[in-house]
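Q: Construct the complete structure from the given sequences, taking the supplied hints into account.
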Amino acid sequence: MATTSSSKDCIQACAECAATCLECLVEMLNKDSNNDCPKCCLECAAICRLCADAMAMNGKYSQQICRLCAEVCNWCAEQCEVHDHDHCKKCAESCRRCAKACQSVAA
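In the UniProt record's numbering, the protein residues as written are 1 to 107.
These are calculated hints, taken from the structure and not from any lab test.
Pairs of lysine-lysine residues, derived as DSSO-like cross-links and limited to a Cα-Cα distance of at most 30 Å, are as follows:
| hint | residue 1 | residue 2 |
| --- | --- | --- |
| 1 | K90 | K39 |
| 2 | K89 | K8 |
| 3 | K89 | K31 |
| 4 | K100 | K60 |
| 5 | K8 | K60 |
| 6 | K89 | K100 |
| 7 | K90 | K8 |
| 8 | K31 | K90 |
| 9 | K89 | K39 |
| 10 | K100 | K39 |
| 11 | K39 | K60 |
| 12 | K8 | K100 |
| 13 | K90 | K100 |
| 14 | K8 | K39 |
| 15 | K100 | K31 |
Only a predicted model underlies this, so the values are computations on that prediction, with no experimental measurement involved.
A: Below is the structure:
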């Protein structure tokens, strides 16, 4: 897969999502959660970093990783958007943007 505009956008969305997820994770450390937030943030940040790396090197499995990344991002968004915290709302929005960008590349 050659580096295209959509893959560059996806790499950027993945990097931003990973950072936003880590911010949410840190903010949630001392807060109660009745769902998978902040655990989802840790998993999402990891897959986003992997996805960005795989796409940057035109990895053989980058499209499959993009599909998985979109799935994890959507799961994380579902968990975070339940909370009223600003950092959770910001994380959910970033996850949705990343999922959309990954789905575009994986299609």
